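Number of protein chains: 2
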Amino acid sequence: MAISENPFAPTVVISNISPLVEGGRFATKRIEGELVRVEADIFKDGHDEIRAKFLWKKIEKGSPLGWSETPMSPVDNDRWATELRFEEPGLYECKILAWADAFSTWIHDFERRLTGDQEDFATDIEEGRIILEQSAERASSSRKDVKAIKELEKELSKADPDDIPELFESSDTRDILYRHADLSQATENEEPFRFMVEEKLAAFSAWYEFFPRSAKGKENEHSTFRDCLPRLEDAKKMGFDIVYFPPIHPIGHTARKGKNNTLTAKKDDVGSPWAIGAKSGGHRSVEPLLGDLDDFEQLVIDARDIGIEIALDFAINCSPDHPYVKDHPEWFFQRPDGTIKYAENPPKKYQDIYPINFHCEGWEELWEELLDVVLFWVGKGVRIFRVDNPHTKPVSFWEWLIARVQEVAPGTMFLSEAFTRPRMMEMLGKIGFTQSYTYFTWRQTKEEIIEYVEELTKGEMRNYYRANFWPNTPDILPYHLQNKGPAAFKIRAALAATLSTSWGMYSGYEFCESEPLEGREEYLDSEKFQLKERDWNATGIKPFITRLNQVRQAEAAFQEYANIEFIDSDSNQVLAYYRWSDSDPESRIIVTVNLDANYKQDSHIHLPLEKLGIEEGQEFQVTDLLYGESYLWRDSTNFVSLDPRTKPVHILKVTVS
Amino acid sequence: MAISENPFAPTVVISNISPLVEGGRFATKRIEGELVRVEADIFKDGHDEIRAKFLWKKIEKGSPLGWSETPMSPVDNDRWATELRFEEPGLYECKILAWADAFSTWIHDFERRLTGDQEDFATDIEEGRIILEQSAERASSSRKDVKAIKELEKELSKADPDDIPELFESSDTRDILYRHADLSQATENEEPFRFMVEEKLAAFSAWYEFFPRSAKGKENEHSTFRDCLPRLEDAKKMGFDIVYFPPIHPIGHTARKGKNNTLTAKKDDVGSPWAIGAKSGGHRSVEPLLGDLDDFEQLVIDARDIGIEIALDFAINCSPDHPYVKDHPEWFFQRPDGTIKYAENPPKKYQDIYPINFHCEGWEELWEELLDVVLFWVGKGVRIFRVDNPHTKPVSFWEWLIARVQEVAPGTMFLSEAFTRPRMMEMLGKIGFTQSYTYFTWRQTKEEIIEYVEELTKGEMRNYYRANFWPNTPDILPYHLQNKGPAAFKIRAALAATLSTSWGMYSGYEFCESEPLEGREEYLDSEKFQLKERDWNATGIKPFITRLNQVRQAEAAFQEYANIEFIDSDSNQVLAYYRWSDSDPESRIIVTVNLDANYKQDSHIHLPLEKLGIEEGQEFQVTDLLYGESYLWRDSTNFVSLDPRTKPVHILKVTVS
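Sequence order for the protein chains is V and Y. Under the numbering used here, read the first sequence as residues 1 to 657, first letter to last. Under the numbering used here, read the second sequence as residues 1 to 657, first letter to last.
Heads up, some of the hints might be wrong.
To be verified - Straight-line Cα separation of at most 30 Å, DSBU-like style, residue types lysine-lysine; simulated pairs: (1) K653(Y) - K200(Y); (2) K341(V) - K158(Y); (3) K341(V) - K393(Y); (4) K349(Y) - K266(Y); (5) K154(V) - K57(V); (6) K380(Y) - K154(V); (7) K150(Y) - K267(Y); (8) K218(V) - K279(V); (9) K611(V) - K458(V); (10) K341(Y) - K53(Y); (11) K380(Y) - K348(Y); (12) K348(V) - K154(Y); (13) K95(V) - K267(Y); (14) K158(Y) - K144(Y); (15) K458(V) - K53(Y); (16) K158(V) - K341(Y); (17) K653(V) - K458(V); (18) K154(Y) - K341(V); (19) K154(V) - K154(Y); (20) K150(V) - K150(Y); (21) K266(V) - K218(V); (22) K393(Y) - K53(V); (23) K266(Y) - K349(V); (24) K653(V) - K216(V); (25) K653(Y) - K158(V).
For the record, the hints were derived by calculation from the structure and aren't laboratory data. The model shown is predicted, which means the values in this text are computed figures rather than measured ones.
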C-alpha cells in the first residue's frame with residue numbers, strides 16, 4: 001500500500017514558520033543573547049487542544065548535546081509564538097513539534113461539560129484517569145513526577161465532578177503533565193531550519209581602515225607592520241574595535257599601475273595592494289616592504305592586547321607574477337594561443353590582474369587551495385576578513401568556503417564588499433557573509449535614508465543581511481563629501497554610526513580629506529597607488545568621532561540591529577529617529593540630524609510618546625550625549641535647532657523621573 | 001574531499017521563483033490555456049551574458065513525453081520572466097535552467113571591443129570561431145544547423161572586424177546558437193516545483209444545490225431520482241453547470257433528528273441526509289426512498305446530456321446505524337466502557353453522529369476504504385465532490401486522498417466546505433481542493449467586499465485557493481437576506497456571480513425564500529430535516545439569475561480568475577469594479593452594484609481609463625448587459641443611478657468605436 005510509505009501521517013499542520021530565509025534554505029542570522037521570536041501557523045482538524053514547542057540543538061562535530069526546548073503559545077488566528085535567547089554562538093538546527101494534547105483536551109472538555117445539563121460524569125472521569133495512568137507510565141524516569149501523577153489519579157477518582165477542574169489548576173501540575181505528554185502522534189515541521197548565532201561583534205562593530213604602508217604618513221618612505229601600532233592605538237582611542245588592512249601580500253610588478261591609476265608605473269611606484277603576487281610569494285606571503293610574517297603575527301597580538309581585531313582583505317586577484325600563474329595555469333582563463341587572459345570589461349582592459357576560472361577543470365583543487373589560504377591566516381590569528389568584490393566570484397564558492405571555515409574556525413567573520421545590484425548583495429548575505437557593505441555611501445536625502453534603513457531593518461533582509469555603513473572607502477569619495485568641511489563629515493559619520501549598528505571609515509576621514517579626482521567619486525592621489533603623506537597627529541574631527549563611538553558603547557540602544565524607528569519631523573532637512581534596547585529599557589535615544597551641511601535647520605519633531613514609554617502629559621528629560629545639554633520636554637511635539645557649524649546632530653537620551 | 005560531494009557547483013543563482021505556493025511545497029493552480037507568468041531572480045558573478053529557460057513536463061504514469069520549454073527574458077533588476085499557456089490539464093513538474101552563454105558573452109564583448117582603441121582582433125575572432133566550432137559539434141543531430149554554423153564560422157574567419165556583429169544579427173542565427181548552447185555548466189533551480197493545471201470548469205462554474213428528496217416540492221411525499229430531471233432542466237435554464245446533491249446515502253434511524261433540528265424525530269421524519277448509514281447500507285449505497293443505484297447512474301447520464309454535472313456530497317459522517325460501526329468498531333473513538341463515542345462539542349452532544357478516528361490503529365485500512373468510496377462514485381460517473389466539513393478531518397488525509405484520486409481519475413474536482421478559521425481554509429486549498437467556500441456569505445459592506453476580493457485575487461491565495469461565492473446554503477440564511485425581498489436577493493446574486501468566477505446558490509434562493517429560524521442565521525423548517533413544499537414553477541428572480549449566468553457565459557472577462565480591479569466610487573453604498581480578459585481584449589466590463597437593498601443610490605464612479613484601453617478624451621460606449629441600455633461616456637468620471645426596485649446592478653460592457 002502506498003499509504004504505508006508514509007508511516008506517520010501528520011496530525012497537526014505546522015507551516016509558515018518565521019523568521020526563515022527563503023523558507024529555511026539559508027540559516028537565519030541572530031546574535032548570542034539577543035531576544036529571538038519564532039512564530040508558526042499551527043492548527044489541526046477538529047476541537048483538540050494543541051500544544052507546541054520549539055526545539056534547538058547546536059550543530060557541532062561530535063557534540064553530544066541534546067535538544068533544548070521552550071513551549072510555544074497561541075497568539076491569534078492559529079499563529080503560535082515563543083521567545084528565546086540563544087546563549088552561545090553557533091549554527092543551530094531547529095524544529096517545531098506540535099501535538100493534540102490528550103490531557104488538555106480532556107480537562108477543557110470537562111470544564112465545558114460542567115456548564116451543560118450532564119449528570120453522570122463517571123465515564124468522563126474514567127477517561128481522565130486513563131490519561132493520567134498513561135502519563136505516569138511515560139514519566140517513569142522521574143519518580144517524583146510518577147508520584148505526583150498517581151496522587152492526582154487518586155484524587156480524581158474520589159472528587160466531586162465540580163471540584164475536578166481545581167485539581168489541575170496549578171501550573172506545577174500542568175507542567176508535570178506537559179512534560180510527560182504523549183508525543184507518539186506529534187507532528188514535526190517538514191523541513192528543519194537553522195539559526196546562525198554569532199557573537200555580538202558580528203552585528204555591533206566599528207571599523208577603521210588604513211594602509212599599513214602609509215602608517216608613518218611619509219610620502220617617500222614605505223612604512224612597515226612595526227609602524228602600525230600607533231595607528232591602532234589612534235583607532236582604539238577613537239573607539240574603533242576592528243582595523244581593516246588592504247591586502248598585505250607581495251604586489252605584482254608586471255603591468256603595475258602608477259599613481260592615480262595610470263597605466264605605466266614609474267620606478268618607485270608602489271603599486272596597488274590588490275594586484276597580489278610576486279616572486280616573493282602569493283596569498284600566503286606578506287609584501288617584503290611591510291616586514292615578514294612574524295612581524296604581522298606580532299602586530300595581531302599587540303592589537304588584541306589593546307582591544308583591536310585586525311581584519312585582513314581576502315582579495316582573489318592574481319597579478320601576472322603570482323606563483324599560481326606558473327604552478328597552476330589551469331586555474332586561469334586561457335586564450336586560443338595558450339596565453340593567460342587578463343581581466344577585461346571591454347573595451348577596458350586590466351593587464352595587471354589575471355582573473356581566476358572558478359569552474360575550470362581543476363576547480364576542486366583550486367577551491368581547496370583558496371580555503372586553505374583563509375585557514376592559513378586564521379592560523380596566524382586573523383578572525384575577520386573583508387572580502388574584495390565577492391560578486392565577481394561564484395556565489396556557490398562563497399557558500400562552500402564560508403561553511404567550511406565556520407566548521408574549522410567557528411566565529412570567523414566575513415565582510416562582503418559587494419557594491420553591485422541588490423539581488424547579488426542580498427544573496428551574499430544569505431549564503432553566509434557576516435556583514436555587508438551597503439548603498440548608505442550614496443543615500444543622502446531624508447526620504448532615501450528612511451526607505452533604505454527600513455528595507456534593511458524591517459523586512460526580510462533583517463534576517464540575513466547585516467549592514468555596515470561606510471561614509472567613505474579608498475575607492476569612494478562620494479560627491480557630497482568632495483571639497484567639504486567638518487560639518488559634512490560629522491553629519492555622515494553620525495548617520496553611519498547611529499543608523500546602523502556597524503559602521504566603518506577609511507582613514508583620512510577624521511581629517512576631512514576631501515580632494516577628488518576631477519569629475520569622479522574617487523580620491524585624488526589615491527593611497528591605492530601611492531604612499532600617503534599625512535599628519536596622523538592632527539585633530540580633525542577625531543573628538544566628534546570618539547564621542548560617537550563612546551555613545552554607541554555606552555547605550556544598548558545602538559547595539560540592537562533592528563531597534564530603530566523614524567520620527568516625523570517637519571523639515572525635510574532634519575532626520576529624526578529613535579532607538580531602543582530589548583535588554584536595557586533605560587536606553588532610549590532620540591537622534592536628530594541636520595542633513596544640510598551648509599545651513600542651520602530648525603524643525604518640530606513629533607515623538608511617538610507611547611512607544612517611548614512616556615505617558616500623555618508626563619514630563620521627561622532629554623540629555624544630549626554629544627554636547628551635554630539637557631532639556632525638559634512634555635509634549636509629543638518638540639523643537640530642535642541644528643547648526644552645522646556647531647551642533648549638526650543631537651543624540652538625546654530620554655529619562656523619565 | 002567534501003567538495004566532491006557536490007559534484008556540480010552551480011554557476012548561476014536561481015531564486016525567488018514565482019508563483020510558488022509555500023516555496024514549491026504545494027502545486028500552483030492554473031487553468032488550461034490560461035496565460036501563466038513565471039518569474040525568478042537569475043544572476044551570476046561577473047559579466048557573463050546569462051540565458052535562461054523554463055521547462056515543464058506532465059507527471060503521468062508511463063508518460064513518455066519529454067520536457068517542453070520556453071526561453072525566459074530579463075525584466076529588471078535580475079528578475080527574469082516568461083509567459084506560457086499549459087494546453088492540457090494535468091500535474092506538471094517544472095524547472096528553470098540558466099547558464100552563462102559563451103556565444104552571447106563573446107559577441108557582446110566583441111561589440112564593446114569595437115568601441116575602444118583595440119587594433120588587433122585576431123585572438124578574439126579565433127575565440128569566436130572556437131565557440132562556433134563547439135556549437136556545431138553539439139548540433140550534430142541537425143545537419144541543417146551544422147551547415148549554418150559552419151557557414152558562420154567561415155564568414156567570421158574572413159570578415160572585417162567591424163562587420164562581425166552584423167554576421168550574428170539575425171534572430172534565426174541567434175536561435176540556432178541558442179538551441180545548441182553549452183549546457184554542461186548550466187544551473188537548475190534547487191527544488192523542482194509543480195503546476196496543477198485543471199480544466200476551465202475548475203475555476204469557472206455556476207453551482208446549484210437542491211435536495212433530491214424534495215424534487216417534486218411535496219411536503220408529504222418523498223421524491224426520487226426519477227423526479228430530479230425537471231429540476232436539472234430548470235437549473236440548466238437558469239444557466240448553472242453543476243448541480244450539487246446533499247448526501248444521497250441511507251439515513252440513520254438511531255437518534256435521528258426531527259424537524260428544525262429537534263432531538264427526537266417523529267415517526268415520519270426523514271432525518272438529515274448528513275447522518276449517513278443504515279441497515280440498507282453506508283457510503284456506497286443510496287437511500288432506498290430515492291431509488292436505487294441504477295436510477296442514480298441514469299440521472300448522471302441524463303444530466304450530462306443536458307450539460308449538467310452532478311456533484312455528490314462526500315460527508316465522512318456515520319450514523320450509529322452505519323455498517324462501519326459493526327464491521328470496523330476500531331475506526332471509531334471508544335469510551336472506557338467499550339461503547340463508541342458520539343460527536344460532541346461539550347456541552348453539546350450529537351448522538352446521531354459517530355466521529356471517525358483517522359489516526360486509529362487501523363488507519364491505513366480506513367483511509368484506503370474512504371478512498372475506495374470516492375472511486376466507487378467516480379465509477380458511477382461522478383466527477384465532482386462537495387466535501388462536507390473537511391476541516392474536521394486531518395489535512396494530511398485530504399492531501400493523500402486527493403492526490404490518489406487525481407492519479408486514478410485526473411480532473412476529479414473537490415469543493416471544500418470549510419467555514420472555519422482562515423489558515424485551515426487556506427491550507428485545504430493548498431493541499432489540493434479544487435474550489436473552496438468563502439466568507440463572501442457574510443461580507444456586506446463595500447470595504448469588506450473590496451478587502452476580501454483583493455485578498456483572494458491579488459495575493460498569494462490566487463495561486464492555490466479558488467473561491468466559490470455562495471449567497472446562501474442550506475445551513476446559512478445570512479441576516480442580510482432574512483425576510484428580505486427580491487432586491488436583496490438580486491444584489492447578493494449579482495455580487496457572487498460577477499465578483500467571483502465560481503458561484504453557487506442553494507435552491508429556494510430564486511424564490512427569495514427568506515424566513516429564518518428566529519434569531520439564527522438558519523432557515524425555518526430547514527430542508528435538512530424535512531421534505532420541502534415548494535412551487536418549483538414560480539418565477540421569482542429566475543430571469544435575473546438566468547441573465548447573470550448568460551452574461552458570465554458570453555463574456556470572457558467573467559471567466560478569468562484574478563482579472564478584477566475595483567473602481568473608485570463616491571458613494572459608500574455603490575460598489576464598482578471592472579473585469580477584463582487576457583484572451584479577448586473586447587471583453588471589458590464595468591459592474592456597479594447598489595449594496596443598499598432599500599434605497600436608490602447615486603454615485604460618481606472614476607474609471608481608470610488607461611487600464612481600460614481608452615485614451616484621454618476618447619468617447620466610448622457602455623452597454624448594460626442586464627437591461628440593454630447604452631450610454632456614451634467620455635470622461636473618467638461618470639454618473640450611475642441604481643434603484644433596488646428596478647435596476648440595482650449595471651453590468652456595462654465597454655466598446656470603443
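Violations among the numbered hints, reported as their numbers in ascending order: 3, 5, 6, 7, 10, 11, 13, 15, 19, 20, 23, 24 and 25
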